[in-house]
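J.: Okay, here's what each chain looks like letter by letter:
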Amino acid sequence: MDLEFIVEEFPGIWEGVPVTIGLFAWSLFYGTLGGLLLALLRLSRLRGLRAVSAGITWVGRGIPPLIILFIAFFVFPEIGITLERFPTGVLGLALWAAVYQGEVIRAGIMGVDPGQWEASEALGMSGRHYMRRIIIPQGLRIMIPPYFGNAMTLLKLTSIASIVTITEITLLAQRVISFKFVSLEPLLTIAFIYLALNTVLQFAQLGFERAFRLRV
Amino acid sequence: MDWGLIADIFPLLMEATRLTLQLFAGGLVVATIVGLLIALMRQSRFFAMRWLAAVYIWFFRAMPTLVIIFLAFFVVARDWLTFLSPLQAAILGLGAGAGAYKAEIIRSGILSVAPGQWEAAEALGMTPTRRMRRIILPQAVRVMIPPYLSNTVLVLQTTSLATAIGLVELTGLSRQLSNSTFKPIEVMLTAAVIYLVMSSVIVLAQMYLERRLVLKV
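Protein chains in written order, with my numbering: chain A, 67 to 282; chain B, 16 to 232.
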């Protein structure tokens, strides 16, 4: 292993970090919104809406994320959705995230004891008040661990954006491999970056778990 | 929708699906062996073994599978084990990554076996190996099967990343055909359906086994 080489090549790869973080943050953001929509559709009173949400979830979980990304890149332009490279990558990853976070949000909402609904009705709470004061605080607590589990998977998934030539860290490392004929050093460099980002997410999860823990 | 084109490309895509299934089967076998090994190391009496297993799980769970496949292809197969073909390197990478998840699943299965069973086996004078093989693992398998199979769906989907090291499996061929036929809608949707069928078979197997494995008393 050539430490000097790592130090030399590090700034080049480092330039991809904002792209990796950007891909992750935007697709998590839109994926959460999409997931919320899928979860609400799934809990709708209308059978048609429930079926649509269940169908999307089944398809989204049944095909590889890379195929979802390829659909965003090659199929969407054919049906009139033409975006720049980076937003297309975000779109593909967000679709993946929406499907998985939708399941987490649904499980969180359904995981709140139905007795809570009856109790708040007996207390004369309005539907909105009930959602905001009773369901969301309790549901969030259930959602935090699986939500962060998916977020960590999403962070790792941003690496597949290199296959559609978005210049995030994996693509930059690959370029070093093909131009400089070394492979261990650039791969260890990005391994270290992924480990660091992953650790940040783990701490964020701990923080959220602490903020929402039961106080009795 | 150009159905004629779909009929033309379908046999080609099925041919590529064979490579996908090879990657899947190979990756699953490697992952299961690695997972079992790491899970047993986690239970070891020796601190160094437990520590090594914990580091393995920590590292491979934090790494994108694509990076693991690159490590297997560009580092292991190119510099160290030069006899490995790209297919074998991809299988190694897939298996090494998924093995970390399998290890956690197997470990939680082992831990779910009631402590009384361990004690009873010991009281009967069983050796640790015999106890693990005859008492603990058969009971642990029941608990492991649902998470094992849902992780297996992910292993199937991860095979698509082999396209990044030049293996023309189902995803790689779909991209090539999209470019050469200028009909990405037909090609990508056909590939998506093939994946969906394969994933659904695993999910159905999971549902069937979950029903079958309920303890009958």
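Derived by calculation from the structure, the hints in this document are not laboratory data. Hints are supplied without guarantee of correctness; some may be wrong.
Residues from chain A that face chain B, not an exhaustive set, calculated with beta carbons under 7 Å [stated by the list, open to error]:
hint, residue
1, Ile133
2, Phe136
3, Lys222
4, Ala257
5, Leu261
6, Ala262
7, Val266
8, Gln268
Here are the computed lysine to any residue pairs in the SDA-like style, where the Cα-Cα straight-line distance is at most 25 Å [stated by the list, open to error]:
hint, chain 1, residue 1, chain 2, residue 2
9, B, Lys198, A, Leu157
10, B, Lys198, A, Met176
11, B, Lys198, A, Leu69
12, B, Lys198, B, Tyr71
13, B, Lys198, A, Lys246
14, B, Lys198, A, Gly146
15, A, Lys246, A, Ala120
16, A, Lys246, B, Pro26
Where is the CB? At the ideal position from N, CA and C, for every residue including glycine.
J.: Determine for every hint whether it applies to the structure shown.
T.: Okay, the hints, checked on the actual structure:
no. : hint                  : in the structure
1   : Ile133                : 6 Å, holds
2   : Phe136                : 6 Å, holds
3   : Lys222                : 4 Å, holds
4   : Ala257                : 6 Å, holds
5   : Leu261                : 5 Å, holds
6   : Ala262                : 9 Å, violated
7   : Val266                : 11 Å, violated
8   : Gln268                : 9 Å, violated
9   : Lys198(B) / Leu157(A) : 21 Å, holds
10  : Lys198(B) / Met176(A) : 42 Å, violated
11  : Lys198(B) / Leu69(A)  : 47 Å, violated
12  : Lys198(B) / Tyr71(B)  : 43 Å, violated
13  : Lys198(B) / Lys246(A) : 37 Å, violated
14  : Lys198(B) / Gly146(A) : 14 Å, holds
15  : Lys246(A) / Ala120(A) : 48 Å, violated
16  : Lys246(A) / Pro26(B)  : 40 Å, violated
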